[in-house]
Amino acid sequence: MSGRHSGEAPTHTVEGTDPRLFVQVHEPQDAAIGNRPVLLIHGFSSSSALNWEATGWVAALLGAGRRVITVDLPGHGRSAAPDDCDSYSPSRIRADLLQIVTDAGARPLMSGDSSSGLDVIGYSLGSRLAWEFGATQPELVHRLVLGGPNSADPLADFDLSAAQQHLADGTPIQDVSTAGLLRMAQLLPSNNIFALLSLVEAIKSEPFDAAEAVPHMPMLLVAGDQDERAVTLPVLASIATAAGTAVKELLIPGRNHTNVLTNRAFKQAAIEFLAP
Amino acid sequence: MAELTFPLPDLGEGLIEATVLEWLVAPGDQVERNQPLVEVETSKSAVELPSPQAGKVLRIHGEPGQSISVGQPLIVFDVPDDSAGIVGTVPKDEAPKRRVRLSAVLDED
Amino acid sequence: MTETTYAQSATGAEVHTTHIQEPRVLSMQQALNTALDEILASNTKALVFGEDVGHLGGVFRVTDGLQAKHGSSRVFDTPLAESGILGLAAGLAMAGFTPLPEVQFDGFAYPAINQIVCQIARLNYRSRGTMPMPITLRVPSFGGIRAPEHHGESLEALFAHVPGLKVVSPADPHQAYHLLRYAAASPDPVIFMEPKARYWQKAPVEAAPGDDLAGARIARHGRHLTLVAWGAMVARCLQVAELAAEDGIDVEVLDLRWLSPIDGVTLAESVGRTRRAVVVHEAPLTSGLGAEVAQLITASCFDTLRSPVERVTGFDVPYPSGDLEDEYVPNVDRILYGIQRVLEYKRG
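Protein chains in written order, with the numbering used here: chain V, 1 to 276; chain A, 1 to 109; chain S, 1 to 348.
The following block holds chain V by itself, in its conformation from the complex (with noise of 0.2 Å):
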């Protein structure tokens, strides 16, 4: 394990190229010797800032005695925003992520050590991005948690053109997802919109297959029961179930795809599903 004195933090290149992503890796104060870290992505338009530390998640887990470490998506947060379509393509993401938690100290897996391997909890976007990192990494992803997830990324249905429409004169846009997501993007003054419209492009070039790779580690799936996004986490559920895969399902009542985040009852069964 790399501890939190022991040098500079290495810089890899992924691909010959820097992605210049914000890592933060957050040290637990009683450090309990022998849990492996947790790797938390957010979701789509949002940052580890807004998705994870505002809403108590990293506080929760530090308090769990786990060692966090979090990232903000390329055009999101405090990350950069690169002009080229591929740096925001589901696989380069997945292989940035990978270089991220190595040179933040996850190991592979070994039975018997609990220090080993790695959990992920995602959300959203982030779960999708965790489905299929555990399914492409077996032998370092050691649980998920995925929240407000879905079996088809909404993002690929996204309108581009009428959402570049839009911004350019106002073209109101008939799509009512579209309109919707681009609204949430716009919410947060913070937002590189055409960063996240490359993102949307990228994710439309690589659309999500849950079925094509399926993580074959424990999984917990959570989302709120008002939440409209993730009415499809029961065919995720099934979909992980008909690979051999063990799968925990948790609705939160009266909860959305916004609010389910700070909710306690999601953190404390992500905290104890993930316990070593």
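Just so you know, the hints here were simulated from the structure itself, not pulled from any lab data. Be careful, since some hints might not be right.
Residues from chain A shown here face chain V by an in silico Cβ test under 8 Å; the list is partial [what the hints assert, rightly or not]:
id, residue
1, L21
2, P36
3, S43
4, K44
Derived DEER-like restraints, expressed as beta-carbon distance ranges [stated by the list, open to error]:
id, chain 1, residue 1, chain 2, residue 2, range
5, V, E27, S, E22, 50 to 60 Å
6, V, R78, A, Q72, 23 to 33 Å
7, V, Q186, S, P318, 43 to 53 Å
8, V, A168, A, P7, 37 to 47 Å
9, V, E249, A, S67, 30 to 40 Å
10, S, P318, V, R78, 30 to 40 Å
We put the CB at the ideal spot given by N, CA and C, even for glycine.
Assemble chains A and S onto chain V, guided by the hints.
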């Protein structure tokens, strides 16, 4: 005992109000500094507010579903009149321990 | 409990005189709070302002309840800008008000040095006496509460060096109550250094000051040696005097109170009797106020002094945070060593 009221803090991004989702503490609870107090939702996100100080909760403002404006009272603590400020700790007034002894022959001329 | 009389001040402000009538046991926080309350009630031109002094009631509760009682136009919060707080104080004083600003911690006064030194201290001089600056700047000062950097510093030598400023520090609740009222009634700017380590200890506050508030006071009478101190170090020196008595040494403790102007008469009278002196302060040694005190004693008592004046002080380093402050602030042993050095001194 004295009452110490904390208003809904500025949540940034130009937000002027928030809706209470769920209180995580109740009147009578003794809370620690940074302990989560309440979940609130703004037009942009949900936020868990940590306690700005340790103390006993006297009153809370806002039922779940009610909105509170930034600057309006959120929670009232019951604190000892002489409790320390936000910075530092109250020094203990204890008898000093000495190691040094004085020795002198004083001429009183 | 309080009595009100009415008078007309020179500036035209309606002035009522209210003060406590019978002894009360108060902490220094409460004593200062009571004094501020009375000042606001009696002087309609008095204003209390600073960071968190209004709604919150101050980080040390000194202004607790004053905004609710006197209104947010007379007790108000300012932005986090000390230069603005003191600039505002200067302007309000020009306009005939009696400002009682607070700088939240000693180390936060540095950004306001320009306003304090270049404006407040000399506007009366510059205007040939037409612009008095009746400002009382309250500064929670000195160390002792395990606070972070900039929250434990001793700035008295900086301020005492500036012509036009008065500097005072109370040692206990009684002194705090009466000196704050005295300072607020002064036509001159006063830097009022509150020893934050002593905020919580309770002691009786008498209705009458008991002595001339303009000078120093003898906190404990003794025959063999004078300990000179101010602020939080007065209480420590009183502890040391008790310990010295166990060894047969009768120590006098002189609470200087005013650090500018220094009461040289009381110093000379005390050390003239005891013939030995040790000055104690938390501030660093070099160019600290102890040097000024030592010279005043030497000039008046040179013929009778049995030993050079000793200084027991903080070290010439930035004030340390947290637990290290126990090593920095003079403790009873270091003060006893200082006394022993004076007692052992042999001429020749």
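| query | Lying within 37 to 47 Å: is that true of the beta-carbon distance A168(V) to P7(A)? | reply | This hint holds: roughly 42 Å between Cβ atoms.
| said: Hint validation: K44(A) versus chain V, beta carbon distance must be below 8 Å. Holds or violated? | reply: Cβ of K44(A) sits 5 Å from chain V, so the hint holds.
| task | Please test the hint of 30 to 40 Å on the beta carbon pair from E249(V) and S67(A). | result | With Cβ atoms ~32 Å apart, the hint holds.
| query | For the pair P318(S) and R78(V), does the Cβ-Cβ distance stay inside 30 to 40 Å? | reply | Roughly 32 Å apart at Cβ, these two residues keep to the hinted range, so it holds.
| Is the shortest C-beta separation between P36(A) and chain V less than 8 Å? | holds, 5 Å
| So the hint says 50 to 60 Å: do the beta-carbon atoms of E27(V) and E22(S) match that? | holds, 57 Å
| message | Is the interface hint satisfied for S43(A)? The criterion is a beta-carbon contact with chain V at less than 8 Å. | response | Status holds, d = 7 Å.
| field | Agreement of hint L21(A) with chain V interface, Cβ distance less than 8 Å | value | For L21(A), the interface hint holds, since the closest Cβ of chain V sits about 6 Å away, which is under 8 Å.
| query | Is the distance from the Cβ of R78(V) to the Cβ of Q72(A) consistent with 23 to 33 Å? | reply | Given range 23 to 33 Å: holds, Cβ gap about 31 Å.
| message | Holds or violated: the 43 to 53 Å window for the beta-carbon distance between Q186(V) and P318(S)? | response | holds, 48 Å
Violated hints for the displayed structure: none, as all numbered hints are satisfied.
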